[in-house]
Amino acid sequence: AQKVTQAQTEISVVEKEDVTLDCVYETRDTTYYLFWYKQPPSGELVFLIRRNSFDEQNEISGRYSWNFQKSTSSFNFTITASQVVDSAVYFCALSEADNTSGTYKYIFGTGTRLKVLA
Amino acid sequence: DVKVTQSSRYLVKRTGEKVFLECVQDMDHENMFWYRQDPGLGLRLIYFSYDVKMKEKGDIPEGYSVSREKKERFSLILESASTNQTSMYLCASTPERGRYGYTFGSGTRLTVV
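Chains G and S are the protein sequences, given in the same order.
Per our numbering: the first sequence = residues 1 to 118.
Per our numbering: the second sequence = residues 1 to 113.
Treat the hints as calculated values from the structure; they're not laboratory data.
Note that the structure is predicted; figures quoted are calculated from it, not measured.
Just so you know, even glycine gets a beta-carbon here, dropped at the ideal spot from N, CA and C.
Check the hints yourself; a few may be wrong.
[What the hints assert, rightly or not] If the Cβ cut is set under 7 Å, some of the chain G residues that face chain S in the computed set are:
#, residue
1, G43
2, S95
3, N99
Chain S extracted, bound-state conformation (with noise of 0.2 Å):
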């Protein structure tokens, strides 16, 4: 069963922290996705990556960086984690952009407190 897994379930960061969320996949897929998730406003495209050490920001990049350094791991960095952070977060991955469905992770809950 294929599959993108993402570390943790729950988070509970303070303020100023850096903040990691790991997604890592198994069916070799190039294109990897993280987006948030907030009532009202649907799914937001953070950042999103194309090949190992490539990446390209999304609609939402402000306040977070990422990183690829192998195909089937791709992280999210929150530099310094504010409250207004605070969400749903969900990595995803593809075979290619746009043309197929995508494979989730069951999201990452973080609340900076």
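Bound-form chain G, shown alone (with noise of 0.2 Å):
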């Protein structure tokens, strides 16, 4: 059954730190996608990266990176030296063909929410 699990509900950390966001998928496709969003206090949802099964690249945006494994299905995401705008709910999703209805079924995980403090 396709699944998204973000262990960490809440993490608190003060600024300048590291922190790494966990995000474990469960998939039966071998086909399938993968995205973080952040949510902050405004409440948009803004879409941050995907990445697609074939492509374990890690990928690296300024001060964010996302480490993706397959073989320990998880799309991990990492912000390097914290800041108070990082604070937000983070959200991981995964995409995976519905071979049922053709579509694709998309389901976000809980989300984990960080909190930067000055």
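Given two chains presented individually in distinct reference frames, assemble the corresponding complex, making use of the accompanying hints.
In structure tokens, the structure reads:
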């Protein structure tokens, strides 16, 4: 069954610390997509990154980096030198083809609330 | 700057009222979605639409309906609002379901009293 687990409900760090948000997924498909979103206090979810299942290359974007490991079914997100503006709820999501309907089924994890303290 | 716009940021309605939540996107996206977000439950899909006048039920469609008369507009309707429909409602769109990230609106926090 398709599933996304974000075991960390809430994390608090002090500014400038590095922090890793975990995401573990379950899927039966060989073709799937993984995503991360950020939801700041204003409420609007913002798309951060997409990865397809054939691309295990890690990605870095400024202070953000993502580590995709198929062997452990994980797609973890690291913020380096965290800042107060990074405080938000972060969601991991998985999309896989639904062979019954012919469309994609998209499922979100329950989110990790990150608090960065000044 | 591409956008998904939800007409109301906050709404307070009475039990039994018919409630309309409006969502408009300016990106010419085929696919639009309505989610509700509740603490501890994450985002749950209510309905989605992959074309004008086409719709499909999501995971929790009971008590809701939708309308998509124009490509850019997707409306969520609470036929008879109940207190258990108090929630944050999020609209989203994407050019191709599943393969791309979604663009979300800023949400409507609905309180049913």
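Now for the hints, and whether the structure bears them out:
A cut of 7 Å between beta carbons decides the hint on G43 (chain G): the least distance to chain S is about 4 Å, and the hint holds. The interface hint given for S95 (chain G) is met, as the beta carbon of that residue sits about 4 Å from the closest beta carbon of chain S, less than 7 Å. For N99 (chain G), the suggested interface contact is broken, since its CB lies about 13 Å from the closest CB of chain S, more than 7 Å.
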